[in-house]
Amino acid sequence: MMKKSISILLPFTILFFHCSNELVGQLMPKPAQTQTEPILLVGATVHTGTGEIIANGAVGFKKGKITYVGSLEGIGEQKADYKTKDVSGQHIYPGFILLNSLIGIEEIGGVPHSNDKLEEGDINPSLKTVFAFDTGSEHIPTLRFNGILHVESIRSGGLISGTSAVMEMDGWSWQEAILKEEAALHLHWPSSISTSYDKSTNTRNIKKNSSYDEKVMQLENLFSAAHSYKSIDGKRTNLKLEALQGLFEGKKVLAVHAEEPKEIIEGITFAKSHQVKNIVLVATYPVLSVKEFIKENKIPVVLPPTYDYPDHDGMDYDAYYSLPHLLSQEGITVALNHYGMLSTSRNLPFYAGMAVAFGMEKEEALKLITLNPAKILGVDDRIGSIAVGKDASIFVSRGDALDVQTNALSMAFIRGKEIVLDGAHQESYKRYSAKYGHGE
Amino acid sequence: MITLKKLNFTINCLFLLTFLAVHGQQTFPKNDISDERPKAFAFTHATIVIDPATTLEDATLIIKGGEIEAVGTQIRVPDGYAEIRAEGHFIYPSFIDMFSNYGQPEVVIPRRGNPYVKREQIQSDTKGGYNANEAIKSEYNGAHNFEVDKKMAKKLRSQGFGTVATFRPDGIARGTAALVVLGEGHENNMLLQPKVAAHYSFNKGSSTQDYPVSPMGAIALLRQTFYDAQWYASQEWKPFTDLSLQAIIDNRNLPQIIDTEGWLTALRANKVAKEFKLDFIIMGGGDEYQRIEEIKSMNAPLVIPLNFPKPFDVSDPYLLPKISLTDLKHWELAPFNPLLLAENNVQFAITSHPINQATDFLRNLRKSVLHGLSQEKALAALTTIPANLLKVSNRIGTLEKGKLANFIVLDGNLFDDGTMLLENYIKGEGHAVVQPPNKAVLGEYQLEARGLSATLKIQPKNKGYLAQLEAPKGTVQNITFSIDGEMLGLAFEIDKKKYNLGGWVSTSGNQTVLKGNGTVDLHRNISWKAIKKSDDTNNGTKKEVSKIAVQKGKVIYPFMAFGSEEKIRPKTILIKNTTVWTNEKEGILKNSDVLLENGKIAKIGNDLTVKNATIIDGTGKHLTPGIIDEHSHIAISSVNEIAANSGMVRMQDVLDSEDASIYRALAGGVVAAHLLHGSSDPIGGQSALIKLKWGESPENLKIQNAAPFIKFALGENPKRSKSAPSVRFPRSLMGLEQFYSNAFSEALDYKKDWAIYDQLDRKQKQNTAKPRKDILKEAMLEVVEGNRHISCHSYQQKEMLMLMDVAERYGFTVNTFTHALEGYRIADKMKLHGVGGSTFSDKWNFKWETRNAIPYNATIMNKEGVVTAINSDSRETIRHLNHEAAKAIKYGGSSAEDALKMITLNPAKLLHLDDTMGSIKTGKSADVVLWSASPMSIYSKPEKTIIEGAVYFDIETDKRLKKQNQKERTRIIQLMRSKGSAGTKSLKISNTKPEFHCEYIEQAQAE
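Going line by line, the protein sequences match chains A and B. Each residue of the first sequence is one higher than the one before, counting from 1183 in my numbering. Each residue of the second sequence is one higher than the one before, counting from 91 in my numbering.
Excised from the complex, chain B in its bound form (with noise of 0.2 Å):
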């Protein structure tokens, strides 16, 4: 007997058991009677991969009471046992999804308003005995706030996943995740173990409290916080309770994931991790390949997404060039992410996230296959890996006896293209995934009715059928079939008549026929029946999946337009018979030679000659220090924090190495830029100081050993003056003097306290209490005892006046006042004190309070003898700062090598840079400009920029870098052709970064 309902093979009884296990559990109070069943059965003859490395051929699976109790081949199966054929049948252990957010409550990300001109919120929302940030939930447990979502569950077991860890992405501490299988029964089945991790991130969240709001915020923020429960675990007599910190203490043993979204944040994220000697499991973006060698050195487990883009929709030739080429290299090369890891010897495992991506994720996960990864590998990413990386490998993530009968089951290998999961077991309860077509049913007929004969093919089509209808004169059509419960109908017209059959399937001997009634034309009934002639022979539609996609484009760095595949290097380099702007006593020298060796400036004379060194010609061109900027926001990922002191924040744990201002300030012959925090507060973050080196990773841009600088601010914008609703204190110059001597005693008042405790013997130690480290009052010990520099943002002289009485009242000088637009003022008075100016050439007018500026700043400065540096702020200013400090010519009659010195050398001692930068003498490091003419000239352009002796910037490679590009681009635009992206009319591109200035801030853009 035929049965249209079944599968393949019987199973359907024990989907029974998924309703009754919702009451299974002892503890609950019943309303029956028992109607316990045994839960024994076994699949045979399947092929059962055990693990990873595992395959046994027709093999035997024994479960009982939801785990697995015997693996093997030549196994019989015991009595009492219920036995399902498995022939042709691969079983798998199910997947499990390290990083869900499976069951937990949404979260609601409150729109933020622009902090300038919104009231601020200082203090945490949430109520309670929680932390002071809003954005550390460590006590948030995921195993109590955990629920079934069958709908979710349903999806996820469609895709391989039988268990998930599962927490709620909110906050930079994040709490715990639970362990879940995804069944649908009641919640105390489900949760396997109530913590399996701790989570964080550095994303705020649903927190509206304002600090953070900045990616160097969120870092110092998780800094901080790790070492305060450091501090209060120490304490024995907690001075006060604090349920998210002891929830950080008590978690500490387990898994500790953190959410990167990608390369740049994960090297972020490692450095907290070495920081606190923590094991981050690192939770990636899918563009690890980007900077292969450093996720390497990481030496971190990663959890990857296989969230491969959609190709783009290149029809329209008009907005072709919106896309960039990292978007178009990305498309290409991120399904080769997971094979490039493994290469490398990364360990990874996957995740179905971003849950958007879910439905296609086995599509992806064959395509992976397809780049290149081994199936071996693929699996053991999805079930042996997160399993060990939970510390959870004792009870999933193989098919051993012992563990729980999560395991799916398919029609063929899983990688194979066009094969069915059809089962997916969860602590041994089947859930039916694909009902395939009934194989039984398929094969070409002899169909009879009144009047007709025809051949009528059943075929398989996807996940169901295709049926056709041959009649005697060679037409073929393509007609209705259903199969509903045991019933099956069709539908069609022929000769101009309409039929209507239905009917069922029965069997005679061996012969398999289809029967029934049905009306033609509406009205006239008649009988009808099919007598198969033989059975389908298309054996489905699987593909094996072997490596078939090859990596034809490369990885660039940067990973973006005029990135290269080689990163840059020194050489030795002689520049021959030029004109050479010292900035040093010997002024400028004509027809001169200068060798750049070892990344510095070996020699300096007349008819120089060295073995094995690229000759540049200098006749008629001028060879100048590499300009530096003194002020600037390129190259990284934002740019103030909004805290009123922010200076525990680093400028450097925020490098974007991936910035196309890098490359085209190097084309305005920039070599070194000071990084600096905004100006929204009055003590800004602390400063990076970096080298242009284009192509370098972010900590490879840093000047090593730089001394430490600061970011302060007066004005309108410390005291939010355009901000009617503005809550923040202070809101004055006097309120800010105040601001700033506090910030001062507080922070000898913290060393003080330091150093009684540190005087302390061992033995009082323990019995007093350990003072808080506090990494903002030590960046304020560090400005005050004259060991970071502050650079501060100022316009007018009375404000400058009062920071500058401040200091002396404290003992340390002021570095540098950056804009300093009535620096012209008090000039006399800065030179006095010692702090130098770095101003804008002629910017003046654009808001009230550089109303008083003129474009004789810097001249009138640099005469009285203050260090002066004429600066950019500015994206765009950077790449033409020659011009800028020409106009202390054109304004005030400087002299074009001061004017030049204004832009390297006296910027180079405000940075305290000028003992190996600035000016071209011997021993120096070989940052140097070559330029086609004058540097004060209009009509001059740089035309090699080099760093420590490596030409980062040459006006001929430029040409040949457009074409590449142009090339590359085309090249991957055509694939994308081939591969039918579709014409979805709208272009879904990444977001290009705003223009960085003081003023800027994060929200402010995003909504």
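Next comes chain A alone, as it looks inside the complex (with noise of 0.2 Å):
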């Protein structure tokens, strides 16, 4: 009985707590309201995420989509139609997009009851992320500060997570924050090798790991079955295979993580043997050895951050920060993503910044973290790039938002709502600096 009662005092003991926190001023932004009237941009910079750049440029929308991208001269007498905002010497961007994050379904990694991520089961194709995910994430407001205005939300774990969600960052619950409900189903393809540490000698065995032929068939009678299944005549529901159906109707990306070259070119060849029609590999350095494959089957490649530390001691210092040049070049298209601590996934700008300093031009790096992870997702019909037709959801930065000493956001759109950018840390950092009297 004791125990009950305790089960029951918990939640209204953090309740109260959380309601006191509110009461000091530590509130989530409030979400903005629906775009009323439209807006034109005026006199900035615009990268438009395509490549192309427009000095002196415009940009309108209207009910949450774009009207207008140009000169600020081409806009001509429309311009009347427009509430203008004159964002002069400052630039204009996408909204940047993080890929394969636990935004919104882990909050304190250290504080394991703060996150929403474990599930029981290998192969979990049916599990939908965006049921889990928490626009009240005190991460969202610091994403959106730095300018990445779209999350792809995916867990990790087994071999098959689940399908992920690509998620606006503002919105009064998921439902209002959906982009895209079901954008990829993530493969964590086997490995094909398995390593031993030998304490007493210091040494790791590097061998065939011998479950990666059962785990490979295993997929491929799941895949196999997916396929039959959609012409079986009275058949008994099977979430998981239903689940499946969407990569063959091109309706979902299958995101293939695979390591080592072996792994690549199998997973990769697993999924065009069964007709997947959208095909993205989250890879690592290893892919290079396989550019060749890459390019050939015009897969396009998510890699890791820039920043990633050189995985054996005779890597290049930079291989990681030239990495996402080498392939671009050989003209495979290419996404960064982040992975390690969540917090400073906000830094995804740097890690395209940080691909410039070795190699790659500018808005080339722009693309790794807009258009071309939009295109992956399937979602460059409404986001990725700055074009009429699109969502307005872009933003504008007083400075180059890929360096970090330039990345400041004066004002961001996600479909024509304007976004408060201002997040919990601001608020500390005003009320701190008040205190202090710094400023003054």
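Calculated from the structure, these hints are not laboratory results. Yeah, the Cβ is synthetic: ideal placement off N, Cα and C, and Gly gets one too. Among the hints, a few may not be true.
Claimed, not checked - Interface residues of chain B toward chain A, partial, derived using beta-carbon atoms under 7 Å: (1) Y408; (2) R754; (3) F936; (4) I950; (5) E966; (6) H973; (7) I979; (8) K980; (9) S1027; (10) I1028; (11) K1031; (12) S1080.
What the hints assert, rightly or not - Covered stretches of chain A (chain B as the covering partner; in silico rule of three or more C-beta atoms under 8 Å from a C-beta of chain B): (13) 1285 to 1293; (14) 1521 to 1529; (15) 1573 to 1587.
Unchecked claim - Per the computed footprint, the stretches of chain A lying under chain B, defined by three or more beta-carbons under 8 Å from a beta-carbon of chain B, are: (16) 1435 to 1445; (17) 1479 to 1493; (18) 1536 to 1544.
Dock chain to chain to rebuild the complex, using the hints, since each chain is given by itself in its own frame.
As structure tokens, then:
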């Protein structure tokens, strides 16, 4: 009995403290209002995300959709339809897209009960992140502050971890924040090698993974079953097989996570042999050794942060700094994601900036976090670049948004809604600056 | 009469003695009548290697009662001695292995869980009056626990060993070794000397006690134990009994051997030896050639293994990149290790350790000679040197009169490839090793059986025979040929008929005939004979081994990718026409010249000219002071010790110069780093301050005369908040406060105790117990007296306030709060106390205690006047600290110059290095970085990173090193292919270092 009463009391206690926090002002920024009047941003350098730069340009949008992109002169008389905002000397970018992220389902990595990403089972294609996505995550304001306006949210674990959702970084609940409810099914291709550590000799022994073939066979059986499932009359419902149908119809993307060259080649060959329409490879450095294969099969690639540390001693210090450039110059579509400590995923723009320091053109690097991820997720009809007809999910920065020292947003819009940029961090900053009389 | 069983020369009767010897000891009761037989015999006409420098041809060795009675040429064999003619045979003293675990009980290493999530074991589990630490097993006596292990003895004898000094490899103090011979008799006869050496290591072995978990903890424990032993010895009336300390004292005149596993640990052991004026004999790892200068300067004898790596399987091109250049080069160079030691006049003995390599021992010994080691040195390393080092050369090591009859008999020169070790004599008792083919049987015969006439050829093959039958038609086939006792057998099929022949050997006159009976197709009985036509002319397969391998690969510093053959040296450098971020009141100077000379910044100005300087055009580039990381864990072998107060451990003891992180940090413009202990304990170890001098030895990385520092830690880690079963005090912030207060009070009391003792006169001192020297309390005293600065891992404001309160009560100042994520909330109080803040730029929300962090922390602390640094705590982030600093511009609008100071001048101030580092000022150390653009821009990269005038990273040199790296890999891999690396389907490679951060603990990774 005692135990029960505690479990009833506990939620109230938490609620109480939560309320008290709100009272002292640590409230999440309020979600934005729907766009009511047409807006025209003028005078800025427009980085369209397609590689184009428009100096002294203008971007107009109505009811959440972009209606004008071009030079200020080019708009002519229609200018009168818009409320004009002068952003001279600033830069306009399409909202950045963070791929393959735990945002919305992980809060504090080291506090297990603040996270919502564990599940049983190895094959979970029907798990949909969207239901677990928390628009109240404290990470969200910090991402927006740096220009990240969309996140593909997905857990990892098992062979098939689930189906990701593309979410906007604003909304009262997950229902308002959906950009694409079911975007990509994440397949973690089995590891072809296994490594054991021998403490007495401080050596690692690399062997063929004895369960590799079995796991691949498991996937073969699953996908074959999914193919035949469609045409069975009077079938019994199988939610897992149903979740796979979107892959064959081209409605969902298959994100194949593969590490070693063998896994990359076999994973992609597997997906193609099962007539998966849209495939993306989530890879690390070894992908470079099979770039010909990637090119031939026209597979887009999601790469780790350029900040990634080289995997072994012999690797060049700039191995990951220059990796996006080395693949993209082959004509491969490349995007970047983040992993590791979740809070630093707000540095996504700087991963692209680092790629510029190591060989890439700036506007090409911008694509790594805008148009290319949008294409990969199959949402480039709506986001990823600044073009007429697309969502007005864009932002204005006072300086170059790929450089740390100049990434400084002055305004941001998601489907035309002007969102609040300041979050708890900014509020704390103001409070303590005031306490000490800084800036007076 | 020829007998098939016999060897080339006959000594069979002597083998019987082995069995008699079991009962031969006089003190044992008899259950029979006496059967003592003469144990006197002589080898004659042999080549006898008396000692490594003396070889006698056609010589005689006379043995009586297990000892050498005489040796020499022209010695008459006395009457009653069995004579064994040994023409063509070589006799050597048998080998001595001074680092053996033969006949000792097996050491079972228990599984150890991650100490973060297990119930700690703070006390020793050893029962009895022994040391407080379970890893101190100095009371162990190798002789008391020795048991003859016939299987292992046979294995070792087959490799030439006759005597070993055996100990149990368990613990940091391992007790004593016994000198034993490798016979199969009773232990009473096999044990030559019960105590012949004392053993030490840095490996806690089977101890389940938590401390020490790290190599620096092992060093600290060993140091404290030696101090304790000195103190214990000086006490007339012991305040308590410690049998382990007593054993250390009792055994201190024995040779002291320390197990190091390689040059890096050897240098660490040598430092301990110097501190205690001990003459350690160092058991090496076979990689000493990688830092031969440092090894040589230890001036200590070594024991080295011949653990030459096998070639890698290089068949899978996609797996190749996983093999490190270090592993590849070590494969090529390891066989040169003995030669390089010898060339540098380093005295060494050779061991068969590790024992899993024992069956390759002779092969690897010959390989060493093939790689240039002289036969004399090789033999000395196995005989006279170990005998001398163990102080037993009066009994073993050479074949001189009066010494034990421990010798080996071979059918040729020991070092020739193909020479067989036939017999191994232990105290005059022979043990057969290899039965060579009977030469009398070898040769070409004419075989006659019913309906068959063919030529039979019998040749030696390895240790057996190869028989071939040549039919009249000229077809040759290999046939089955066997000898079993006096019977021989032949089996073959010819003309679709199956012959099974059995028989014996008979001689008539000078002719050898094989003859007997047999069957054809298993039913028709026949008789057969084979008459020898000629003897075997094939003179075996022996090949003389002389130096034929040439060292093609070069040693590089460090011994890994991006190392160089030549160490990097300072130059006079003039950087022209560049933008100089001085961090001084001059601010940023445009179009200026900077001269670096003698490791210092010599001049700053315009239009400087100087003779013989390397001129660097700095047009369009930026020159800044080198980056200093206030919080790093690179270039060390381990990070966390586990005692709640680990203040006795020193990170300087475990520096690791062979860490790729050093090079990668240089490529990010870092010149120096503060290497901190982890945050596992309220009081962590003493820090090390290094400059990133890529290629230098660990000792040379240290910043000379740097201020002493120590790590403290507050919050979840030292409190073990994540570990439900933890029993370690303290678990709360209240507990932490008491923990610190107690540590400081104890330190002050310690000082008092010594002060009282020191005041006594000599006579009074004799009647007073001397206080115990405690290296932990000494460190605490340094802290409380303000002589050792605290860098304290902290997140929350309350805990920082607590530590400042404690420090103020004890009258000292906390130097730095590192992380200090809530520093912005108490910046005014930090300023008042005088503590600096060293923080992350924007890491946040990764554990509960970090939820209030904001990226404006650095800016706010800095504006409030707190000396503020931005650190990495990561081998990854250390590579772009300039980006981290730029976040102070983005978050809160710090100026670019202020931001740069947060990673240069401010950490220099926090680390008390600002008199020589942190700004570009005449007279300061020439530690500078030349950037391709403004250092705060993400598009900028370091082109040159200079430390004390030496260019340790150069973006152009890097391109060359990348190519060189590839070329060297290709060369060695091709060499490996030519050696026919076995397709083992698996790849055994050296472990790569895990990422060290505050929370990393050794065992969490290993299991």
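Here is how each hint holds up against the structure:
1. Y408: holds (4 Å)
2. R754: holds (5 Å)
3. F936: holds (5 Å)
4. I950: holds (6 Å)
5. E966: Holds, about 4 Å.
6. H973: holds (5 Å)
7. I979: Cβ of I979 (chain B) sits 4 Å from chain A, so the hint holds.
8. K980: Since the shortest Cβ distance to chain A is 6 Å, the answer is holds.
9. S1027: holds (6 Å)
10. I1028: Given a least distance of 4 Å, the restraint on I1028 (chain B) holds.
11. K1031: holds (5 Å)
12. S1080: holds (6 Å)
13. 1285 to 1293: holds (count 5)
14. 1521 to 1529: With 6 residues closer than 8 Å to chain B, the region 1521 to 1529 of chain A meets the three-residue bar; holds.
15. 1573 to 1587: That given contact holds, which follows from 4 residues of the region 1573 to 1587 of chain A lying within Cβ reach (below 8 Å) of chain B.
16. 1435 to 1445: holds (count 3)
17. 1479 to 1493: With 4 residues in contact (Cβ-Cβ under 8 Å with chain B), the coverage given for the region 1479 to 1493 of chain A holds.
18. 1536 to 1544: Held - the region 1536 to 1544 of chain A has 4 residues with a Cβ nearer than 8 Å to chain B, which meets the minimum of three.
Hint compliance for this structure: no hint is broken.
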